[in-house]
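*Asks:* What follows is each chain in one-letter form.
2 protein chains.
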Amino acid sequence: MKFQPPRGMRDIEPDEMAKQEFVCNRIKDILQSYGFQLVEPTALENFETLAAKAGPAIEKEIYAFRDKSNRKIALRFDLTVGLARMVASSNYPRPVKLACISNMWRYDRPQFARYREFWQWDIEIFGCSGEEADAEIIALTCDILDSFGLKYEIKISNRKLVEGILLDSGIKQKEILPVLRIIDKSSKVDEKTLVKELKKYTNKADIAKLGKIKSLDEIGSKNELIVKGREELKNLFSALKNYGRADKCIIDLSIVRGFDYYTGIVYEAWVKGEEKIGAIAGGGRFDDLTGLYGNPMPATGVAGGIERLMLSLKTIQPDKNPKVLVVYIKDFEKAMEIVQELRKNDISASIDLNKRSLSKQLDYANRLSVKFAVIAGPEELKKGRVRLRNMKSGEEKEVEINKLAVALQKNSFM
Amino acid sequence: MKFQPPRGMRDIEPDEMAKQEFVCNRIKDILQSYGFQLVEPTALENFETLAAKAGPAIEKEIYAFRDKSNRKIALRFDLTVGLARMVASSNYPRPVKLACISNMWRYDRPQFARYREFWQWDIEIFGCSGEEADAEIIALTCDILDSFGLKYEIKISNRKLVEGILLDSGIKQKEILPVLRIIDKSSKVDEKTLVKELKKYTNKADIAKLGKIKSLDEIGSKNELIVKGREELKNLFSALKNYGRADKCIIDLSIVRGFDYYTGIVYEAWVKGEEKIGAIAGGGRFDDLTGLYGNPMPATGVAGGIERLMLSLKTIQPDKNPKVLVVYIKDFEKAMEIVQELRKNDISASIDLNKRSLSKQLDYANRLSVKFAVIAGPEELKKGRVRLRNMKSGEEKEVEINKLAVALQKNSFM
Chain A
49 MKFQPPRGMR DIEPDEMAKQ EFVCNRIKDI LQSYGFQLVE PTALENFETL AAKAGPAIEK
109 EIYAFRDKSN RKIALRFDLT VGLARMVASS NYPRPVKLAC ISNMWRYDRP QFARYREFWQ
169 WDIEIFGCSG EEADAEIIAL TCDILDSFGL KYEIKISNRK LVEGILLDSG IKQKEILPVL
229 RIIDKSSKVD EKTLVKELKK YTNKADIAKL GKIKSLDEIG SKNELIVKGR EELKNLFSAL
289 KNYGRADKCI IDLSIVRGFD YYTGIVYEAW VKGEEKIGAI AGGGRFDDLT GLYGNPMPAT
349 GVAGGIERLM LSLKTIQPDK NPKVLVVYIK DFEKAMEIVQ ELRKNDISAS IDLNKRSLSK
409 QLDYANRLSV KFAVIAGPEE LKKGRVRLRN MKSGEEKEVE INKLAVALQK NSFM
Chain X
49 MKFQPPRGMR DIEPDEMAKQ EFVCNRIKDI LQSYGFQLVE PTALENFETL AAKAGPAIEK
109 EIYAFRDKSN RKIALRFDLT VGLARMVASS NYPRPVKLAC ISNMWRYDRP QFARYREFWQ
169 WDIEIFGCSG EEADAEIIAL TCDILDSFGL KYEIKISNRK LVEGILLDSG IKQKEILPVL
229 RIIDKSSKVD EKTLVKELKK YTNKADIAKL GKIKSLDEIG SKNELIVKGR EELKNLFSAL
289 KNYGRADKCI IDLSIVRGFD YYTGIVYEAW VKGEEKIGAI AGGGRFDDLT GLYGNPMPAT
349 GVAGGIERLM LSLKTIQPDK NPKVLVVYIK DFEKAMEIVQ ELRKNDISAS IDLNKRSLSK
409 QLDYANRLSV KFAVIAGPEE LKKGRVRLRN MKSGEEKEVE INKLAVALQK NSFM
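In order, the protein sequence lines correspond to chains A and X. Under my numbering, residues 49 to 462 are what the first sequence spells out, in order. Under my numbering, residues 49 to 462 are what the second sequence spells out, in order.
Next comes chain A alone, as it looks inside the complex:
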């Protein structure tokens, strides 16, 4: 195992890479239709940049080290930090709509659907405080999930509202974060366990039932945080109606998101029947983050795991293989000419560069899973033709060489 990737990391093999390219290209098309611009922040950040967001304790969870000039640097653990840092030091017209699809690293315990190097799509709007921005991000998330034919639900909550409810139930300000972390795990445990865990902080059993609240009207107006949080959610649902997306969204106050930096609306997208994968995307509003980098502005955004998305797309497997292997019998040069002509016409074509026997070439065609073999035998070549074999059905027919590219482009035979 000496020459393998380090523990918890992996190579992306051709099959998965084809799927990843397919998924990422589709996401890029959709986010660009929304007017988002792609960027790529540096992969290695000054440790201070990461610690400014996540606190110095983040060092335990990431790849941090000193470079040869004794500067403390670290591999990014998300894309939001880099995007927020870029926006804070730039002069982009506001609202700024940025996106990035790339890899990041965390020193997590490796487990199912969780690697130490992983990929995310990440979409953010900076400089807009209105719920229209959150709605646009959620609508875009829906468009992305719809484009893959997924059945899902967007579970929406609000940090202010939940904090207001917690404070109202007698939980102290400094206990808010530990209680939020218990609530964050509530989808994974039964109500009894939840009540037990919460008992350390509150005796109000209501808190364990946060996730059961279906309507904002069930909550009184007991403090300012509740009033503000409820207003934000109402505005959000009204904006989501304009995007035609309110029907995909439900209130679920048990959603609080793990990160500390969220300031209001938070949400997660869950694929129905694939709950074991975890949330397929999650996001919310983080109005205080760019301020850490010297340029305060409201911000909201979403990120989703590419590996999780691919796991939930079981039936999608784009073809990574060449479409055609040109098989030669005597005249390698002529076969090469045919291959090059196909390539010029954007048909993915290969030839056995090892110039093996006919049967070995056909074996190579099988192992490559090409759809067609173009057999350039001397008799056919004399007539300006080749034999075209459908590798699945075994069917063959003769085709004129100068009609081959068009025929293969159109799939107009067999």
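Just so you know, the hints here were simulated from the structure itself, not pulled from any lab data. None of the hints are false.
For identical chains, the list gives no copy identity; a pair is met inside one copy or between any two copies.
In silico EDC-like pairs for lysine to aspartate or glutamate, Cα to Cα no more than 16 angstroms straight-line:
1) LYS276 / ASP265
2) LYS76 / ASP394
3) LYS451 / GLU389
4) LYS67 / GLU355
5) LYS270 / ASP216
6) LYS392 / ASP77
7) LYS76 / ASP367
8) LYS233 / GLU323
The hints should help you fit chain X onto chain A, whose structure is shown.
*Replies:* Chain X alone, transformed into the frame defined by chain A:
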């Protein structure tokens, strides 16, 4: 400067990212037409994996560190190592044709066109010893450079041949590598300096003129290395003729490539008039590399810097901006509906989520450099129409809302 990328690294801003996406997508299309499959090796490798190729001294030039379990790991410094390691531990049908476009890191002195994090396209064939494989890689390189309209030359040499000439001129085996390094720099110094530097090893002035040899027939058959190297080059040029690419290639024995692991054919692509950028791509045969990872097989490949390629493409700047800003006057909801309809039709469209005044919206449109503003005024909306403004010419015309998407797709007006 606290919250900036670490020294020698950088963020990729929207303009450059659009260019990078454009360049990479075109390269992917071409390499896939040749039947190459994309993969992505892990970014962090066990240090041993990198040292196996480059020797333990490589540590000085890369980002190496220990993880929290005291494993020595390092960021990859090229893509060839990862690809070779993947192939060595896999069972892909041979010849294996793999490609990767990704980033890598070196602890270099930052300078013009040289960052500590940089991107390369990398294309390799494993399991084919014939010069057809080298010719295919070179033909593919030519197709890539041609597709960007570049004027270039492929300068080809052979390590065996050059080593044979050096040995024949009295240079000792152990002096070969230092002399190759002097020759590697010969394009940057005048002949006098070159002769002077070489004098330490040989008095034969011929060596300084290696780069002037135009025909293989000028070289005698003085030892086995020369004979073998010359034969490989002759076979390569004959294979290049089959690919219709011999005319782009010249013999230049001053090309030796920096890396030690090349075993035969080596080459570099140089863009005419852009010599200061350096070679735009370079590659060669490295038949001993996968053997280091436990599975010996012949191999040949090429890599090119994405940043250098972009630098040489001065006139290409793909549009990163949304095409349309929908400007609302009173009815934000209706404007939103129009935006969403355009997006569904793959037209990149945005709206001012901050709901500012008309003049500020038009200012936003200008700052975003959109081509068109769709002005949704109340009078026009009543008639089921909007005003469409060409932001460059200032021309305006009324368009029916239900014909807007098609008109914008076709650019069939103004």
